[in-house]
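Q: In the order they appear, the protein sequences are chains C and G. Under this note's numbering, the residues of the first sequence are numbered 1 to 218, in order. Under this note's numbering, the residues of the second sequence are numbered 1 to 390, in order.
Note that these hints are calculated values from the structure, not bench results. We put the CB at the ideal spot given by N, CA and C, even for glycine. A hint or two may mislead.
[To be verified] A few chain G residues facing chain C, derived, Cβ under 7 Å:
hint	residue
1	I118
2	N121
3	A122
4	N126
5	T128
6	Q132
7	M133
8	A136
9	H154
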Amino acid sequence: MSSSLIDERQFSEYMDALMQGDIERCRGFVQRLLDANISLEDLYFNLFHRSQYAVGDLWEINKCSVAMEHLVTSITETLMTLAYPRLFNRPHIGKTAIISCGCNQYHQIGGKMVADIFELHGWHGHFLGANTPERQLFEEIRDKSPDVLAFSVAVPFAIPGLVETLRKISNFYPGLTSLVGGRAAAIDGPETFRNLPNVRLMTSLRELEEFLAPQGGL
Amino acid sequence: MSTDREKIVADYVINHAQVLVLEFDEAGILKDASHCAVDLLGSVIIGKSFRDIFRDLPSATDFATWISALKKEASLDVVTADRTPQTWRFLTARTAGRTLLLGHRDVTEIEFLQHRLIKLNAGLTNMTRELQMTNAKLSEVNNLKNQFLGAAAHDLRNPLGVILNYGEFLLDEVGPSLTEEHRGFISSICKSSSFMLGLVNNLLDAVQIDAGQLALNREPVDLPKLVGQNIALNRVLSSKKRISLEFVSDPESFEVDVDPGKIEQVLNNLITNAVKFSLPGTTVRIHLAEQSGIVEIRVIDQGVGIPKSELGKLFKPFSKTSVRATANEPCTGLGLAIAHRIVEGHGGKLTVESRPGKGSTFTVRFPALQKGEGKPGTTRQEPASHSTSA
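With the rest of the complex left out, here is chain C:
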């Protein structure tokens, strides 16, 4: 990706506003970037994704409470909607992905970002939201005939349930590839997922980008 419109000073200012829960300041920051015609890739990778991971790191070392982490995530999700008018008006390449967070998983922002990355590459990215029941997932696969599935795993305890779901998908739809990503997948589950049939582990959004690029993205 070419150089970012967001330098370190600006990123610090944004993080400061974010950690204070000042949504209006954050909204103004993002809107100014959109008005300056920032590429959506730059916005997603160098602001939304980077700030979420920064907050996640702070939470892991007890510098940020659960409540604050939830608030920050909520703000980020709201600000992502500012990019939607541009995101969904891009031409499509005729491919479809279904993105899910899996059953009993309530951390949806990672999955939503992945769905938006698919859209950036000209795919139709259908995001099923948090806590997708397995039955609904299979109905969506049946109805939309996706070219690929993607699962976001934010917490380790969700891994066993997801593994079961992936095995079922592999039985019902042998040719269908499932991508698995998220913090928990990358840290706690690499061996687990690498041994499953038709499953590819994506340890980062960059890896997802590399997977999508040869598919005929924009």
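Position chain G relative to chain C; hints supplied.
A: Same frame as chain C, but now just chain G:
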């Protein structure tokens, strides 16, 4: 706990902790309060009755009865300094003739509400995403529709033109040698193909406008001259129905920066509509004025008028009112929608006022660029009532 430690802890609770410590006398008057309570409830609460501090109390109860009825730990709503209610969990205790109410926030409820809010926000952002996806798909479908309509109209235009031209040629060249019945057939062919050609042209215009392709070729135009010429052409149609066209311009000559072809399209539409919906023997008046940098064109008929309830859809494509043309002339339902967009493209507005049985007035207003000096003309008449804007 030693007395010193008790004092330190008590001092901390009273002055720093996020707890409400309220000390009431026998009559229920607040005698002392913790720092947090004063911050929350306001500095004037000392000396207030318990009724001024707690909400939703039984009306006839005195303080002693109320306290004895309270459970040892109870949720009570307090009235904050900014007049918003908050729910706190209170313990009651009695000491030395005073009643203490010790309050803390029910964190469980706050956490629950916080989770609910965050979940609702997540749901809302998901819905926003779906909505934007749907909007994008609808926009794509709309573009495809416009492309299809444009292509279809384009392909129809040439053959229709051929039919009309040959029909008119036959009428002119061999018509005199045909029977009246056969002349009638060819005349019907010409009328129908002329109508269809008009419809196809309107459709093409509507598609282009809808696709944002209204291209205006503005140039300085003597507007009174343009309008006068257009009215002269329309008199051919109006005279067949014995409808007079009267034209007044004030000033009699002035220039404005417009697309002459598109303005003629608007005039044709408004004047032919006025003639269509007027009865024989009536007059259609066209008033043109320029004042303070605004051009105004009014087409005033004495026709059948339009019901007030139908005025709102007048400028929508393909919408037709319940009113029928007086000689059953056909209507495409596109003309006014196109006229409206052309006027908007000139930075103006097209409005209508109408009364059933009395007639209608269509008014075009747009900014003018006047070159040269105008001359004074006659005063225009007042329009009918029941106005509505496009």
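Q: Check each numbered hint from earlier against the structure, then list the numbers of those it violates in ascending order.
A: Violated: hint 9 alone.
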